[in-house]
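> Line by line, the protein sequences are chains E and U. Going by the working numbering, 579 is the number at position 579 of the first sequence; the sequence numbering is gapless. Going by the working numbering, 151 is the number at position 151 of the second sequence; the sequence numbering is gapless.
To be clear, the hints were calculated from the coordinates, so they are not data collected in a lab. Computed from a prediction, not measured in an experiment: that's the story for all the values here. Hints may contain errors.
Pairs count within a copy or across copies, as identical chains cannot be separated in the list.
Keeping only pairs whose Cα atoms sit at most 27 angstroms apart, straight-line, the calculated BS3-like set for lysine-lysine is [claimed, not checked]: (1) K25 <-> K264; (2) K99 <-> K180; (3) K749 <-> K676; (4) K296 <-> K99; (5) K535 <-> K130; (6) K162 <-> K424; (7) K681 <-> K558; (8) K39 <-> K499; (9) K580 <-> K535; (10) K99 <-> K681; (11) K499 <-> K264; (12) K580 <-> K224; (13) K580 <-> K29; (14) K558 <-> K158; (15) K126 <-> K433; (16) K39 <-> K25; (17) K158 <-> K400; (18) K558 <-> K172; (19) K580 <-> K90; (20) K499 <-> K126; (21) K558 <-> K224; (22) K25 <-> K162; (23) K130 <-> K152.
Number of protein chains: 2
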Amino acid sequence: MTDTNFSQSSSSIGLNISRVGAEEKLQGKALFANDVVLKNALCLKALRSELPHAVIESIEVQRAINSPGCVAVFTGRDIPGKNRYGLINKDQPLLADTKVRFVGDPVALVAAVSEDAAQTALSKIKVEYKELAAVFDPEEALAPGAPLIHEKGNLLGKRLIKKGVPDLAFQKADIVIERKYQTTFVEHAYLEPDAGAAFVDQSGRITIYASTQNPHYDQVDVAKLLGLPENMVRIIQTATGGGFGSKLDINTQGFLGLAAYLLKRPVKMTYSREEAFLCTSKRHPLKIVYKSAANKDGRLLAIDVKIIGDTGAYASYGLAVVTRSAVHATGPYEVPNVHVESVFAYTNNSIAGAMRGFGVPQMAFAHESQMDLLAEALAVSPLEIRARNILRLGSTTATKQTLTASVGIGACIEAIAPHYEQIKKSIELTKTKNLRGVGLGCMMYGIGNTGVQNPSTAQVELQPDGTITLFSGAADIGQGSSTVLTQIAATELGLDSNKIDLVTADTGMTTSAGATSASRQTYISGNAVLDAVSKLKEMLLTEAATMLRTGRASLTLKNGRIENISNNALFVTLEQVVRKAVTEGIPLKWQGFFDPDTTPLDPDTGEGNPYATFAFAAQLAEIEIDVLTGEVTVTKVVAAHDVGKAINPDCVKGQIYGGVAMGLGFALMEEFAPGKTVSLKDYHVPTFSDMPDVHAIIVEDAEPTGPYGAKGVGEPALIPTAPAILNAIADALGSRIYFLPANLERIMKAIHSGTSKPLKIKLMV
Amino acid sequence: MTDTNFSQSSSSIGLNISRVGAEEKLQGKALFANDVVLKNALCLKALRSELPHAVIESIEVQRAINSPGCVAVFTGRDIPGKNRYGLINKDQPLLADTKVRFVGDPVALVAAVSEDAAQTALSKIKVEYKELAAVFDPEEALAPGAPLIHEKGNLLGKRLIKKGVPDLAFQKADIVIERKYQTTFVEHAYLEPDAGAAFVDQSGRITIYASTQNPHYDQVDVAKLLGLPENMVRIIQTATGGGFGSKLDINTQGFLGLAAYLLKRPVKMTYSREEAFLCTSKRHPLKIVYKSAANKDGRLLAIDVKIIGDTGAYASYGLAVVTRSAVHATGPYEVPNVHVESVFAYTNNSIAGAMRGFGVPQMAFAHESQMDLLAEALAVSPLEIRARNILRLGSTTATKQTLTASVGIGACIEAIAPHYEQIKKSIELTKTKNLRGVGLGCMMYGIGNTGVQNPSTAQVELQPDGTITLFSGAADIGQGSSTVLTQIAATELGLDSNKIDLVTADTGMTTSAGATSASRQTYISGNAVLDAVSKLKEMLLTEAATMLRTGRASLTLKNGRIENISNNALFVTLEQVVRKAVTEGIPLKWQGFFDPDTTPLDPDTGEGNPYATFAFAAQLAEIEIDVLTGEVTVTKVVAAHDVGKAINPDCVKGQIYGGVAMGLGFALMEEFAPGKTVSLKDYHVPTFSDMPDVHAIIVEDAEPTGPYGAKGVGEPALIPTAPAILNAIADALGSRIYFLPANLERIMKAIHSGTSKPLKIKLMV
């Protein structure tokens with residue numbers, strides 16, 4: 001092709017196409033779950049335990065049933081199938097049967113003609129409990145004699161990563177630094193509390209509209225709870241006002257399915273903000289004892305990390321966090337000798353599950369603090385210490401995976417380095433009343449689930465009228481997967497992206513794309529779409545070649561036509577191909593599939609290739625601290641992210657802006673107290689006024705197996721922010737905070753009493 | 001297979017499955033076009049000519065536009081595309097441009113915020129006409145000097161059928177009988193007047209909900225009127241309350257498309273009953289001069305038939321009636337020498353188009369009267385004269401098509417013969433105050449369009465959840481095609497028919513199945529469905545064989561499983577196949593196609609194989625005549641129909657009951673006066689109290705190329721009824737009526753003045 005414009009015009013990759021669904025949201029037309037109006041729908045409300053741990057001795061529901069407007073009250077006994085669900089471990093009852101395990105555990109479900117009637121009925125249910133000793137610390141939970149939360153014991157899971165000979169390395173090291181880091185429960189605080197609606201059609205099939213990240217999983221778990229075949233449950237994702245991991249669990253879906261199925265009436269359930277706080281999954285609080293060894297040149301020799309996690313009352317996605325936190329303990333650095341032990345326990349706290357990053361934000365706080373401590377001890381700059389240790393092409397990770405492509409951490413650090421130097425100099429030169437500081441945070445993040453099968457499927461269909469419909473199970477929860485998948489399909493087919501009709505996240509119309517989690521939809525579902533679309537394209541070229549009596553190689557797809565590359569007056573339209581195809585029985589709908597090339601981790605050593613590709617990032621934070629109040633203001637964040645290829649740069653930047661906001665909250669203010677925090681009055685999230693100037697830099701170190709080279713950015717956007725801010729605080733204060741969030745109290749403590757003492761420093765320089 | 005029940009359970013062919021959509025209709029839940037509520041939809045109304053023929057000198061619309069609530073007024077000048085549409089000939093303007101051609105011709109279209117506002121605006125439009133001489137008789141229209149209705153002349157079309165040497169045969173014949181028959185315009189009188197609604201979406205595409213028999217044709221004609229590509233118009237058929245041919249034309253669709261497109265606002269249009277009478281197409285009134293020759297044994301030697309038809313102001317489907325009436329002139333009889341000339345003219349009458357039977361009901365009135373006249377003259381019984389002449393295997397039709405299978409007319413006559421003899425005897429033995437009579441009517445009907453390409457397509461899809469969706473463009477207008485197509489798909493796939501989800505008659509979701517006309521959907525679309533489903537079945541068996549490690553021949557489809565014939569514990573489910581297929585990229589959606597094997601008619605001789613198969617029927621009618629009032633009561637109809645195979649016997653019987661009702665109206669009461677008849681007060685259709693006892697007999701002479709042997713019954717159900725009733729009247733009165741309907745006036749005239757004189761009788765016995 002000689003005409004460059006010609007070739008460019010058929011690709012929307014790298015263009016800032018308007019986000020799919022944005023217009024509806026801006027105009028208030030998007031249908032969120034609570035907007036779904038089913039005529040005569042009953043209102044559902046759950047009665048929840050106020051005790052953290054207790055045996056249920058009796059539940060008296062008759063007075064509730066008799067109360068005006070109450071239609072039914074269900075307890076654990078009414079569940080037709082198996083009363084246990086969960087994303088990995090099936091350990092959570094939909095309605096408590098023998099006992100309750102945390103404040104918020106649902107005990108009964110009321111269906112009533114109005115919200116008031118439901119509330120009245122709730123108040124008339126009498127539950128007699130026998131309170132049990134409770135445990136709220138994972139180490140205590142694992143100690144002998146601890147109260148038993150689940151019959152199988154309080155250990156959720158354990159992950160070991162072993163590489164090299166760490167003991168020997170620690171002995172030989174020039175410097176060893178060991179610190180203990182700690183983080184708290186964190187709430188997702190999505191704008192839209194969980195909600196849904198359901199009805200049963202004449203065939204008996206239950207259709208559930210839900211705010212969800214995970215429709216195909218919801219289908220399986222709801223079907224199991226009801227003892228029904230999966231295809232008797234249909235999940236349709238509504239517009240979803242944020243998920244961040246917590247909408248991977250079924251929240252309202254199980255209740256909706258149960259009540260609709262048993263009552264054969266439409267039902268609706270919307271969590272109050274209080275319920276969304278009390279009862280949905282949180283980010284895991286981790287205790288991390290992190291020991292690093294380096295030689296005097298600042299080369300990392302070894303790490304030894306002990307992670308203790310609290311998964312709360314039920315497992316949710318906890319087991320994935322056990323593993324991912326361990327696998328990511330090294331950060332984006334090559335460490336020849338590694339020992340990591342990650343142990344998570346059940347407690348009587350709120351459930352901890354998936355939250356943007358799956359344990360990696362906590363680990364990054366630790367490894368990035370360690371890097372700065374090393375830099376300080378060795379008197380090299382934080383940039384330099386990182387540059388000496390980063391993963392490169394050919395490097396080997398902690399799980400002995402060799403990186404062969406798309407290792408962009410070096411490029412990310414290079415991209416922010418001038419900004420770092422400039423701010424550093426500005427701080428030195430300018431005296432202000434506030435303390436100022438600048439800090440770095442780097443990260444690596446494995447795209448997709450960890451060493452398990454993790455496929456996505458897609459379909460594309462050439463419609464009777466010559467239009468294109470793309471079918472994907474991928475739930476767009478605001479992150480933009482629908483936009484990216486549309487751009488991929490449109491580009492392959494030579495169409496404007498607004499010519500693609502999209503059907504997503506409806507188990508009745510789409511096959512599974514897997515969950516919207518692990519930053520996986522662009523890479524995995526993008527590839528599945530590419531696979532489907534390539535097959536359709538192949539058919540279009542083949543048929544057009546026959547119709548035009550020419551060779552396939554001379555044809556291209558452009559603007560809804562298949563036309564001759566050198567003479568665009570020779571063409572056939574998609575509609576013409578449809579007409580031919582329908583008379584010749586040529587399929588118009590094509591399947592795509594992609595499962596990343598991974599291997600499982602060895603249970604004893606963690607050895608394996610758990611991810612097919614990794615995203616990398618480096619961020620810096622510039623901050624000021626008001627020494628009178630302890631208030632930290634983040635004035636600037638420079639965020640460089642290696643995303644392989646930005647299919648839609650504005651969407652990538654949108655993720656980075658949102659990630660920085662969430663990371664800022666994680667760093668400075670968000671702390672959830674199980675059973676106590678129930679509103680946004682008690683739980684502060686960043687607002688616009690907290691936002692720094694964010695300078696997003698997109699680094700594109702193409703991933704050869706990615707669609708157009710793309711990897712992912714959803715979680716990476718968040719991970720380096722808190723480390724960068726905490727390192728900036730240490731830079732400003734000269735003392736370091738090891739407990740997140742670095743709230744006013746902890747800042748003031750650091751200002752007045754200096755840093756917490758290092759557990760151990762050995763320096764032989 | 002040894003277990004007979006087992007084998008039966010997987011087939012629903014021949015079972016009386018509940019009609020698809022019946023429950024919704026019974027419960028009032030079916031969404032008819034007028035039930036479609038589009039928010040803020042404008043009301044459309046057309047201003048229509050009150051003159052039969054006039055030049056439009058001016059149209060003044062400003063006062064209308066200024067009237068309160070009026071949003072726009074459109075005239076012929078506003079049509080963006082080509083202002084001509086039509087099912088075969090594109091001769092009809094959507095809005096009159098230069099002149100009007102019949103009372104009812106639309107001149108302007110008003111869009112207003114309410115019906116009242118639209119009505120007020122209509123009244124303010126001023127049209128200045130220059131009246132032209134009009135012509136209301138087709139023979140006069142074709143005479144030299146007649147007023148010219150269309151520039152191309154008043155001849156719509158002509159069809160000649162020539163076989164053998166008729167002149168010679170007439171010379172040699174023992175008996176020649178010639179009569180003139182005449183029929184009037186007939187109104188379809190469907191319960192639901194034409195209606196629709198439309199909107200334009202953000203992409204500019206116009207979606208039209210319409211009561212239609214013909215969505216894929218509507219799409220093409222509306223797109224042409226608007227000058228848009230076809231895929232910018234989407235037609236969705238709503239539940240349709242009867243069509244009978246008149247909803248093959250676009251009625252509201254063009255107006256809806258125009259207003260929605262130009263105003264970019266939702267619009268709605270519902271015809272009043274008056275409009276449905278005045279402006280939609282009618283059954284063609286025919287004048288038939290029919291001459292038959294036979295030898296003394298009652299063997300038909302020749303016919304010579306001259307048909308003159310009146311297509312009114314525009315062609316609609318008229319050209320198809322020109323041909324079909326000629327081709328069917330012989331009825332179900334083998335006639336060695338044939339000469340038929342069919343000539344149709346434009347007049348300034350209402351438009352005549354398709355109506356259940358396409359000219360054949362009129363022809364059957366003639367040929368069946370002729371058969372009875374021959375029987376009378378030769379003193380053989382009406383049964384006997386028919387039995388001697390009927391088509392058999394190996395017979396040759398008037399177009400020299402040799403019949404090689406499924407010629408069930410003999411079986412039909414045999415089936416009604418005992419009833420005929422019994423009634424005949426009963427009449428002879430019983431004296432009553434009323435005159436009593438019994439008569440026969442027989443017919444042949446070619447399935448599908450006449451000697452033209454006439455394909456149908458279908459798709460079937462195995463859905464992500466293991467359910468099956470069948471996609472067909474076929475519009476079910478109450479006749480039951482959705483039920484039949486579902487039964488075919490379900491049977492092939494070993495499923496209960498309620499397990500098939502059906503998507504029909506939506507140009508955005510289905511490919512064309514052709515029009516719902518010519519009794520073609522069971523045979524043609526049934527075959528297309530069979531083709532699609534067979535491909536899916538092939539895939540299911542192949543994949544299951546791999547999964548079960550067995551041979552395909554040992555597998556069968558049953559209850560949503562592919563299982564081993566001799567051990568049903570060895571099986572895979574449809575869902576399991578889906579899972580395999582999506583990971584292996586195996587198509588889940590399959591195409592089907594069928595176009596009947598026909599050849600075009602020779603323009604000079606009519607020679608050709610215009611249909612792939614024919615339906616046959618024989619009916620008898622028992623009647624009583626009140627000699628004081630002339631009232632004819634049809635007391636019994638026995639109707640034997642060769643449908644090849646009744647996929648759903650109750651649906652077949654439903655068609656027969658409905659056909660008898662319509663035939664009874666055609667025979668006795670229905671007469672439409674163009675420009676005058678505007679309500680059901682002026683136009684009587686049979687009610688429940690007019691209905692005879694109908695005894696439906698299904699004859700199944702399997703058609704080898706039909707789906708499970710099926711042919712069709714939609715129009716055949718109606719055709720023999722009027723002939724049987726008219727022959728019964730002749731039997732009762734001893735004198736014969738040659739003009740339909742045989743209303744009170746004509747009956748009284750026949751009673752008092754005897755039969756109209758034969759034009760010519762030559763009898764040499």
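> Kindly indicate which numbered hints from before are broken by the structure, ordering the numbers from low to high.
Hints 2, 4, 5, 6, 7, 10, 13, 14, 15, 18, 20, 22 are the ones this structure does not satisfy, whereas the remaining hints hold.
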